[in-house]
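Modelling step: build the complete structure from the supplied sequences, incorporating the hints.
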Amino acid sequence: YIAVMPTNLYGPNDNFHLENSHVLPAMIRKIHLAKCLNEGDWDAVRKDINLRPVEGVNGSNTDEEILEKLAKFGITPEAVTLWGTGKPMREFLWSEEMADASVHVLLNVDFKQTYDASKKNADGITEIRNCHINVGTGKEVSICEVAEKIMKEIGFKGELRWDASKPDGTLRKLTDVSKLHSLGWHHKVEIDEGIHRLYEWYLKGICINHQTV
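At position 52 of the sequence shown the residue is numbered 52 (the UniProt record's numbering), and the sequence of numbers has no breaks.
These aren't lab readings, by the way, just hints derived from the structure by calculation.
Predicted, not measured: the structure shown is a model, and the values here were computed from it.
Keep in mind that the hints are not guaranteed to be accurate.
Said to hold, decoys possible - Each computed SDA-like pair below joins lysine to any residue, with the alpha-carbon atoms no more than 25 Å apart:
no.	residue 1	residue 2
1	Lys152	Glu91
2	Lys149	Asn13
3	Lys149	Lys204
4	Lys69	Asp168
5	Lys204	Ala44
6	Lys72	Gly86
7	Lys179	Tyr115
8	Lys179	Ile2
9	Lys120	Cys131
10	Lys87	Ser165
11	Lys72	Ser102
12	Lys188	Ser102
13	Lys188	Leu9
14	Lys139	Asp192
15	Lys87	Glu148
16	Lys112	Asn130
17	Lys204	Asn20
18	Lys112	Ser102
19	Lys152	Asn134
20	Lys188	Val141
Right under this line is the structure:
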């Protein structure tokens with residue numbers, strides 16, 4: 001048995017619901033909706049909330065009802081407001097790379113490689129501890145930087161605001177991936193490429209759902 005421990009994952013089939021989504025998909029959806037509102041593209045707004053209703057509000061509601069509900073989540077035609085200061089640092093891993101790393105460990109790693117056999121206790125017995133393998137990129141980026149990257153990818157021309165009255169959470173969550181690197185696996189998808197891939201997937205999902213309705 002070998003335990004692998006992932007960092008923050010993002011990718012296809014992520015949770016984009018505004019009520020309980022993770023940080024990166026939440027920002028993608030909020031900024032996407034703000035762009036649609038900013039451009040007056042109500043057809044796109046309705047397609048989005050028909051696929052993922054927001055607290056019971058969907059595309060059948062009036063413009064005013066939709067605007068009121070989205071504003072509750074910091075989404076307006078002029079700006080997107082996100083929680084905290086944007087300063088916390090986070091590490092993000094493309095979800096398919098988590099699968100790839102897990103298969104790599106399964107096929108190529110022996111349990112004896114997961115601990116340092118040279119470390120012994122006072123009785124001279126090898127201590128088998130810290131055997132888990134962190135899976136991540138070993139790189140961190142601020143929440144603010146991620147939001148700005150998403151704005152650039154989506155093309156939202158409005159303002160990005162931060163609500164410092166809301167909690168930031170832990171300031172850093174960087175994993176040590178040196179063990180995984182020594183075992184022969186490295187990530188390939190950097191954050192900019194991952195954001196591009198995920199937004200393309202998001203748009204495709206809305207289009208497919210609309211065509212099947």
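To see whether the hints hold, each was checked on the structure:
Distance restraint check for Lys152 and Glu91: the Cα-Cα separation of roughly 20 Å lies within the 25 Å cut-off, and the hinted pair is therefore satisfied. Restraint check for Lys149 and Asn13: the C-alpha separation of about 21 Å stays at or below 25 Å, so the hint holds. Distance hint between Lys149 and Lys204 is fulfilled; the C-alpha atoms sit about 20 Å from each other, no more than 25 Å. For the suggested pair Lys69 and Asp168, the alpha carbons sit about 23 Å apart, so the restraint of at most 25 Å is met.
Taken as a hint, the Lys204 and Ala44 pair is honoured in the structure, with Cα atoms around 12 Å apart against an allowance of 25 Å. A C-alpha spacing of about 19 Å is found between Lys72 and Gly86, which places the hinted pair at or below 25 Å, so the restraint holds. Using a Cα cut-off of 25 Å, the hinted pair Lys179 and Tyr115 holds, with the two alpha carbons roughly 9 Å apart. Taking the CA atoms of Lys179 and Ile2, the gap is near 13 Å; set against the 25 Å cutoff, the hint holds.
Of the supplied pair hints, the one linking Lys120 and Cys131 holds, its CA atoms being roughly 15 Å apart against a limit of 25 Å. Under the criterion of a C-alpha separation no larger than 25 Å, the hint pairing Lys87 with Ser165 is consistent with the structure, at around 14 Å. Restraint check: the Cα-Cα separation between Lys72 and Ser102 comes to about 39 Å, which exceeds 25 Å; the hinted pair is violated. Of the pairs offered as hints, the one joining Lys188 and Ser102 holds, with about 15 Å between alpha carbons and a cut-off of 25 Å not exceeded.
Our distance criterion of 25 Å between C-alpha atoms is met by Lys188 and Leu9, whose separation comes to about 14 Å. Proximity of Lys139 to Asp192 is assessed by CA-CA distance (about 13 Å); at most 25 Å being required, the pair is judged to hold. For the suggested pair Lys87 and Glu148, the alpha carbons sit about 12 Å apart, so the restraint of at most 25 Å is met. A threshold of 25 Å between alpha carbons decides the hint, and for Lys112 with Asn130 the separation of about 12 Å falls inside it, so the pair holds.
Distance restraint check for Lys204 and Asn20: the Cα-Cα separation of roughly 22 Å lies within the 25 Å cut-off, and the hinted pair is therefore satisfied. Taken as a hint, the Lys112 and Ser102 pair is honoured in the structure, with Cα atoms around 17 Å apart against an allowance of 25 Å. Distance restraint check for Lys152 and Asn134: the Cα-Cα separation of roughly 31 Å exceeds the 25 Å cut-off, and the hinted pair is therefore not satisfied. Between Lys188 and Val141 the CA atoms are separated by roughly 16 Å; this keeps the pair inside 25 Å, and the hint holds.
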